[in-house]
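Asks: So the chains spell out like this:
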Amino acid sequence: MPNKDLNVEFTTRRKPNKIDRLNIWGYIFLLPFTIVFIVFQLIPLVNTIYNSFFENYMAGLKQVGPNFVGLGNFKELMTGGDLTKYFGNTMIMWILGFIPQIVLSLLLSSWFTNPSLRLKFQRFFKTVIYLPNLIMASAFAMLFFTMFDITGPVNSLLVKMHLIDQPFSFFTSVGATRGLVAFMNCLMWFGNTTILLMAGMLGIPVDIFEAADVDGATPTQVFWKITLPLLRPILVYVMVTSLIGGLQMFDVPQILTNGKGDPMRTSMTLIMYLNKHLYSKNYGLAGALSVLLLIITAILSFVVFKITGEEELNRKTR
Amino acid sequence: MKSMKKTLAMVAAVAMAGSVFAACGSNTGSSSITTAATTEAAATEAASTEAAADTEAAADTEAAAETEAAAETEAAAETASDEGKVLNIQVWNEEFKSRVTDHYPGYEEVDATHGKIGDVDVVWTITPSTDNAYQNNLDTLLPGNADAAADSKVDIFLVEADYALKYVDADVNVAMKLSDLGITDADLSDQYQYTKDVVTDANGDLRGASWQACSAGLIYNREIAKAVIGSDDPADVQAAVADWDTYNETAAKMADAGYYMTAGYADTYRVYSNNVSAPWVQDGKVVIDPNIKAWVDATKVQVDAGQTSASADLWGDEWAKGFYSGQGTKDVFCYFGPAWFFNFCMHSDDDASIAANGGWGFTVGPQGHFWGGTWICAANGTDNPSLVKDIILAMTTDKDVLKDIATKDSDCVNSKSVLADLASSEDGNIALLGGQNPYAVLAEGAEKVDMSKLSIYDQGCNEEFQAAMKNYFSGAGSYEDALAQFNSAIVEKYPELTTD
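Chain order of the listed sequences is A and B.
Each residue of the first sequence is one higher than the one before, counting from 1 in our numbering.
Each residue of the second sequence is one higher than the one before, counting from 1001 in our numbering.
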């Protein structure tokens, strides 16, 4: 046996076989991704972490730092108390948008994939529900800002229909502003989620549904007992990506509130807060905030994964 | 083991997803700023096309004057022959560009952002001030300007009073001393002292000049004045707004009659903030002046009594509805503003506006104040010093040019003799003020403006304070909450400052 192995090694070294010669192409094809990843993601990531340990900003046109401050930036962020507030805002607005979004998407995708409904114009509706996602978020936010302005069309419509006596100032009300942000996010992303869930549902073997049909299961039972459990991997994926997207929520509330997060910074998200530090090019604090965000995202994703995916993991490993 | 592997893979995936956004956070920020900038630039461009139409009409009548100017151009071109071929000008709106187009002898417009003076190409770079974009742009360009390629060197940049000190700082040295350009004190002797104070550095060197004197007053709606006060004569209106007590009484009358006293909560801000007893920042600490607090208290009362709107931001749609009758929630009695406000903000080019029908009047108001103004600075490192010198001299000291600016654009110019001249002549009568001549009032105000309370943090402090207090006025939080929001916003913007 050892003799034979040695022999093989010897021959390959002298004359590479076809597979070995082709292997090099594998690495060449990997190269573009690796380079892009290193230049645009790995280096900035390491740089951000490195920057977070320094005091480094512009005071007017004068550079302050970089001075090494250890964990000083993190301490400043943690003790300020603002961080938890903006984290809370972000999560509230994400949940407000995500719950209707997932309900709507589940409903739509189960209708679209249900063969017994024989829905007509499916392709048209699928396109239509995806359309809001194609509009640039900032344009969408600008549109809503104009529409819901105190002198905007929504107010004049409501007043003319005698639903309200006085124009309602949407952007000075906490609930209305957060609600609008959540509504816009929901509107923009439910189409995308529907498509993802449909892909998941179409992946469930049809014979299971047929068997359930033969056994006399009601559509509700089919949904809760078959579709939903088998959809779990996709649901976890949707949850995690949406959570990460939600934590990075920026463009919609930024444009809608003119970067201020009004009223009283109750619609200011973590990334908007990060953006505030870029006014003075405060790479230290902004870096520390980014690192904290990375940690928060990792923890939350892990929690979501644990809660929704544990059973499945256990089942498979068993 | 298998679950271990999966967990590891998961962690790796999350780390990667995290890295995506660690890099993206700042990215998204800058890209959205650019978007906002582009949108606004587009808007300004649209506005400028209208303005251009006006300009053309005026240009025709002034054709004779231009032939005269042509001779001068040649002279200018000669002096500039050994200098740069491109004159780069950094601005935040169309104002200076239209002033140069209309009044600088020999300037030919090529398109919206390009022009020609002799054989020098003039390139205008317009970066809106929103979100500090204009200053960020200057901050990247100016420090390395001397080493930039000849054609991309910034030659002229403009600054506002709120942040002028940042750029005329002697240590920073991004704006040239006017004395190095060859401009003497004698050249500027006719200018108001405050316009020089704004751009004087700690060593007493002058590093900029302005064509405007921006003392401001109260601009009132004549119709409403007749209806509520009983007269639209400036003296009678002045009596009704002579100090803050009578102003507040009049505001109550306006609300009873169904009008807003001012369009928005921030309208009176400048009047208070110009009359403070100390600068915003003292020894690295932000201090709320008693007069600023007085603004908060007075405005809260007015908002609660329905005398002004808590949601109308300065320059916003709701705020601007007061320039027309019957368009906003309520019609607006008065705005506070200097002379540039007349022509630049009040929609006088729209036939439906009150301004186009001469429906405004002008008086001093409860307290004297100033607002804004634009200073021309020569960028250190410019390769067109003689042309820059000529532009600064022509635009800020040439009396004919200044008089033209005043009569054509209703601007209050930075020349004591031209203002005195206008105050006593029919040339100073302004159509949108119903033919009233405001120059005596403006000139008197300009003498009194006191710039000693200026700090380099004024723009950030003024903006953030108004934004934070808006929440208090609208009832979203208490004064203490709003103050806390202001404090955290200031520390974000200026990490070197402390607050209470």
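Just so you know, the hints here were simulated from the structure itself, not pulled from any lab data.
All values reported here derive from a predicted model rather than from experimental measurement.
Any given hint might turn out to be false.
[To be verified] What follows is a list of derived Cβ distance ranges for each label pair:
no. : chain 1 : residue 1 : chain 2 : residue 2 : range
1   : A       : L157      : B       : A1227     : 29 to 35 Å
2   : B       : A1148     : A       : F125      : 51 to 57 Å
3   : B       : G1372     : A       : P66       : 32 to 38 Å
4   : B       : D1350     : A       : F125      : 41 to 47 Å
5   : A       : A176      : B       : Y1479     : 19 to 25 Å
6   : B       : N1357     : A       : V159      : 23 to 29 Å
7   : A       : T241      : B       : D1119     : 54 to 60 Å
8   : B       : D1180     : A       : P66       : 42 to 48 Å
[Said to hold, decoys possible] Capping the alpha-carbon separation at 25 Å, the derived lysine-lysine pairs in DSS-like fashion look like this:
no. : chain 1 : residue 1 : chain 2 : residue 2
9   : A       : K306      : A       : K225
10  : A       : K85       : B       : K1493
11  : A       : K62       : B       : K1177
12  : A       : K85       : A       : K281
13  : B       : K1177     : B       : K1416
14  : B       : K1085     : B       : K1448
15  : B       : K1399     : A       : K75
16  : A       : K75       : A       : K281
17  : A       : K62       : B       : K1253
18  : B       : K1453     : B       : K1416
19  : A       : K62       : B       : K1453
20  : B       : K1399     : B       : K1448
21  : B       : K1416     : B       : K1116
22  : B       : K1330     : B       : K1196
23  : B       : K1085     : B       : K1177
24  : A       : K62       : A       : K281
25  : B       : K1253     : B       : K1226
26  : B       : K1285     : A       : K62
27  : B       : K1389     : B       : K1177
28  : B       : K1226     : B       : K1330
29  : A       : K75       : B       : K1116
30  : A       : K281      : B       : K1493
31  : A       : K62       : B       : K1226
32  : A       : K85       : A       : K75
33  : B       : K1253     : A       : K281
34  : B       : K1300     : B       : K1116
35  : A       : K160      : B       : K1330
Each residue gets a CB set at the ideal place from its N, CA and C atoms; glycine is no exception.
Asks: Please go over all the hints and tell whether each is borne out by the structure.
Replies: Status of the hints after comparison with the structure:
1. A:L157 - B:A1227: 29 to 35 Å: holds (31 Å)
2. B:A1148 - A:F125: 51 to 57 Å: The hinted range 51 to 57 Å holds for A1148 of chain B and F125 of chain A, with Cβ atoms some 55 Å apart.
3. B:G1372 - A:P66: 32 to 38 Å: holds (36 Å)
4. B:D1350 - A:F125: 41 to 47 Å: For D1350 of chain B and F125 of chain A the Cβ distance comes to about 44 Å; the hint holds.
5. A:A176 - B:Y1479: 19 to 25 Å: At 23 Å between Cβs, range holds.
6. B:N1357 - A:V159: 23 to 29 Å: holds (28 Å)
7. A:T241 - B:D1119: 54 to 60 Å: holds (58 Å)
8. B:D1180 - A:P66: 42 to 48 Å: Since the Cβ atoms of D1180 of chain B and P66 of chain A sit about 33 Å apart, the hinted range of 42 to 48 Å is violated.
9. A:K306 - A:K225: holds (21 Å)
10. A:K85 - B:K1493: OK: K85 of chain A and K1493 of chain B at ~19 Å, within 25 Å.
11. A:K62 - B:K1177: holds (19 Å)
12. A:K85 - A:K281: holds (23 Å)
13. B:K1177 - B:K1416: holds (23 Å)
14. B:K1085 - B:K1448: Violated, at about 42 Å.
15. B:K1399 - A:K75: At roughly 59 Å apart (the allowed maximum being 25 Å), K75 of chain A and K1399 of chain B break the hint.
16. A:K75 - A:K281: Satisfied, since the Cα-Cα distance of roughly 19 Å is no more than 25 Å.
17. A:K62 - B:K1253: Roughly 51 Å between the alpha carbons, so the hint for K62 of chain A and K1253 of chain B is violated.
18. B:K1453 - B:K1416: With a Cα-Cα distance of about 23 Å, the restraint between K1453 of chain B and K1416 of chain B holds, given a limit of 25 Å.
19. A:K62 - B:K1453: Holds, because 22 Å separates the two Cα atoms, which is no more than 25 Å.
20. B:K1399 - B:K1448: holds (22 Å)
21. B:K1416 - B:K1116: Cα-Cα ~31 Å, so violated.
22. B:K1330 - B:K1196: violated (40 Å)
23. B:K1085 - B:K1177: Between K1085 of chain B and K1177 of chain B the Cα gap is close to 23 Å, so the pair holds against 25 Å.
24. A:K62 - A:K281: holds (11 Å)
25. B:K1253 - B:K1226: holds (13 Å)
26. B:K1285 - A:K62: Distance of about 18 Å is within 25 Å: holds.
27. B:K1389 - B:K1177: holds (11 Å)
28. B:K1226 - B:K1330: Roughly 17 Å between the alpha carbons, so the hint for K1226 of chain B and K1330 of chain B holds.
29. A:K75 - B:K1116: This hinted pair is violated, its Cα atoms lying about 55 Å apart.
30. A:K281 - B:K1493: holds (9 Å)
31. A:K62 - B:K1226: Violated. K62 of chain A to K1226 of chain B sits at ~54 Å, over the 25 Å cutoff.
32. A:K85 - A:K75: Holds. K85 of chain A to K75 of chain A sits at ~16 Å (cutoff 25 Å).
33. B:K1253 - A:K281: violated (48 Å)
34. B:K1300 - B:K1116: At roughly 51 Å apart (the allowed maximum being 25 Å), K1116 of chain B and K1300 of chain B break the hint.
35. A:K160 - B:K1330: Holds, at roughly 17 Å.
This entry does not satisfy hints 8, 14, 15, 17, 21, 22, 29, 31, 33 and 34, going by the numbered hints stated previously.
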